[in-house]
Amino acid sequence: MRHPGVVRPILGTVCSFGLAALVWESFARSGLFAPALTPSVVAIGAALGRMLLDGTLLRHVLYTLYRILAGLALAAAVGLPIGMLMGRFRHVERFFIPLVSVLSPIPSLAWVPVFILWFGLGNTAAIALVFYAATFPIILNAWTGVRSVSRLWIRAAEAMGADERVLFQKVVLPGSMPFVITGLRQAFARSWIAVVGGEMIAATSWGLGWVIFDSKEFLNADVMMASLVVIGILGLAFERLIFQAIERRTVGLWGMVKAVAG
Amino acid sequence: MHHLELRSITFEYATADGPLTALRELSFAVEPSEFLCVVGQSGCGKTTLLNVVAGFLKPTRGAVLLGGKPVTGKGFDRGIVFQDFAQLFPWRTAQRNVEFGLEMKGVPRAEREEVALRFLRLVKLEKFARSYPHELSGGMQQRVAIARALAYNPAVLLMDEPFAALDALTREEMQRLLVDVWRETKKTVIYVTHNVAEAVYLADRIVVLTPHPGTVKAQVRIAMPRPRDTLSVEFLECQREVVGHLGGR
Chain A
1 MRHPGVVRPI LGTVCSFGLA ALVWESFARS GLFAPALTPS VVAIGAALGR
51 MLLDGTLLRH VLYTLYRILA GLALAAAVGL PIGMLMGRFR HVERFFIPLV
101 SVLSPIPSLA WVPVFILWFG LGNTAAIALV FYAATFPIIL NAWTGVRSVS
151 RLWIRAAEAM GADERVLFQK VVLPGSMPFV ITGLRQAFAR SWIAVVGGEM
201 IAATSWGLGW VIFDSKEFLN ADVMMASLVV IGILGLAFER LIFQAIERRT
251 VGLWGMVKAV AG
Chain B
1001 MHHLELRSIT FEYATADGPL TALRELSFAV EPSEFLCVVG QSGCGKTTLL
1051 NVVAGFLKPT RGAVLLGGKP VTGKGFDRGI VFQDFAQLFP WRTAQRNVEF
1101 GLEMKGVPRA EREEVALRFL RLVKLEKFAR SYPHELSGGM QQRVAIARAL
1151 AYNPAVLLMD EPFAALDALT REEMQRLLVD VWRETKKTVI YVTHNVAEAV
1201 YLADRIVVLT PHPGTVKAQV RIAMPRPRDT LSVEFLECQR EVVGHLGGR
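Top to bottom, those sequences are chains A and B. Going by the numbering used here, 91 is the number at position 91 of the first sequence; the sequence numbering is gapless. For any residue, its number in the numbering used here is found by taking its place in the second sequence, counting from 1, and adding 1000.
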């Protein structure tokens, strides 16, 4: 093969998706459920095509992505500094550990009623929910990442005259990258849970979670399944195009983690 | 005036059973451009001693003087090379690792690059300037670490068993290279090791430490011209003398 770096992952993806489609198709045709509840692969594809053509899909996707990215950005802006300062300073650690320990096990969806009362239905409640879900994985991983930074690096840098600010910027930050990236990944996964759940309850007429919930009312199983597929594809796209790309250009290049199989 | 002087250094670690004395009333001096080896068995406080000189540990009593002035904390220039290969910054190429100390001094970029390449050439790694540490062998990584510790022209170079984790052949090669580098740069070196032959090969003078607590047992001057023949009678006699002070045979 001339381009093993491109062809192989695509081949792998096609194989695993093909198999999944096959399993679904045999389940759909098994008669275990009424055909209206288990649409065939073709029917799901058709629904997807319809939604694409009339433009509603794009709008749902954009709404959902906007909520996820806004919430995630806020979570990173708050979580990364807190986690890193916790890893570097004992008193910050002592202050935040109880708060984080109490708040992080509460499922984000448990906050939906509270956030609806505070923010009303709509974007703000959904973004707040994503923010809540995403912040803790980011804090916990940044905290661990900073503590995992080798003492040798710190000592070497200090010997060469690095002060606390430089140490943070040029040693602690890059040194904690493997964990920071892991934290962002986990946060992203949790954001989907939060946004879809939030949209089901708190959104008004736009967003993938809302479509799934709304289709139930009209027994539109094909639209429901199509939306699920879209969420999956978006997740895959982010993993491949963003997280793996960042990893390859940073911690993979530096030999701090093993590169993802091409 | 001595270049670097340790004046009756005592260091106690706090333990659950009260203070544990790692170093007691330890004194010696190092002259400009001198290559000093500190030899002792493991547990004799060699690394503690180096950490005190480096400013990572504050002595319980006594003082470290550089050019007659007491050294406090981490604020003075010294290059350090550790035993562990993992001391290099994995996210920086060999050249950028060597540039780190120069960045701290605010040296402009073009000059940094030039100096870094000069020191990589000194350790014969100029071809690997753009390689990341994980792409280099252990011996090469230690050479980068030496270049990094020298590039910003510290007052003293501290080395903590830098070649102990290397295989015997690479170690000999590195010792030869280090002697060349030292003669080229005329640095003051404090080199800690438990390997007597290594100390005799490298040092102008050897400080022998005995353990529990670490104290200076003897100082041996090695006057043999360099490069030294490790199989010569003179070399073996020096080794025997140091081993004698260590309390062996």
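Please keep in mind that the hints were generated in silico from the structure rather than gathered at the bench. Do not rely on the hints blindly, as some may be mistaken.
A short, non-exhaustive set of chain A residues, derived as facing chain B with CB atoms under 7 Å [what the hints assert, rightly or not]:
(1) Pro105
(2) Val149
(3) Ile154
(4) Ala156
(5) Ala159
(6) Ala162
(7) Pro178
Just some of the chain B residues that point at chain A, by a computed CB distance under 7 Å [claimed, not checked]:
(8) Ile1080
(9) Phe1082
(10) Asp1084
(11) Gly1106
(12) His1134
(13) Leu1136
Computed list of chain B residues with no C-beta within reach of chain A, every gap over 10 Å [claimed, not checked]:
(14) Pro1032
(15) Ala1054
(16) Ala1197
(17) Glu1237
C-beta atoms are modelled at their ideal positions from N, C-alpha and C, and glycine is treated no differently.
Status of the hints after comparison with the structure:
Restraint check, Pro105 (chain A) versus chain B: the minimum CB separation of about 34 Å is more than 7 Å; hint violated. Look at Val149 (chain A): its Cβ only gets to about 10 Å from chain B, farther than 7 Å, so that hint breaks. At a threshold of 7 Å, the smallest CB-CB gap from Ile154 (chain A) to chain B is about 10 Å, leaving the interface hint violated. Below 7 Å, beta-carbon pairs count as interface contacts, and Ala156 (chain A) has one with chain B at about 5 Å; its hint therefore holds.
With a cut of 7 Å, the hint placing Ala159 (chain A) at the interface with chain B holds, because the nearest CB-to-CB distance is about 4 Å. Of the supplied interface hints, the one on Ala162 (chain A) holds, with its beta-carbon coming within about 6 Å of a beta-carbon of chain B, less than 7 Å. Hint on Pro178 (chain A) is violated. Least Cβ distance to chain B is approximately 10 Å, over the 7 Å limit. Interface restraint check: Ile1080 (chain B) against chain A, minimum CB-CB distance 4 Å, threshold 7 Å, status holds.
Against a cut-off of 7 Å between C-beta atoms, the interface hint on Phe1082 (chain B) holds, since the closest Cβ of chain A lies about 6 Å away. This hint holds: Asp1084 (chain B) has a C-beta 6 Å from the nearest C-beta of chain A, less than the 7 Å allowed. Because the beta carbon of Gly1106 (chain B) sits about 10 Å from the nearest beta carbon in chain A, more than 7 Å, this interface hint is broken. For His1134 (chain B), the interface hint holds, since its Cβ comes within 7 Å of a Cβ in chain A; the closest pair sits about 3 Å apart.
Among the interface hints, the one on Leu1136 (chain B) is violated; its C-beta lies about 10 Å from the nearest C-beta in chain A, farther than the 7 Å criterion. Here Pro1032 (chain B) stays apart from chain A, with its beta-carbon at least about 20 Å from theirs, past the 10 Å limit. Listed as a non-interface residue, Ala1054 (chain B) fails to keep its Cβ farther than 10 Å from every Cβ of chain A; the least gap is roughly 6 Å. The claim that Ala1197 (chain B) is not at the interface with chain A holds, since no C-beta of that chain comes within 10 Å of its own (minimum 27 Å).
The Cβ of Glu1237 (chain B) sits about 36 Å from the closest Cβ of chain A, beyond the 10 Å cut-off, so the non-interface label holds.
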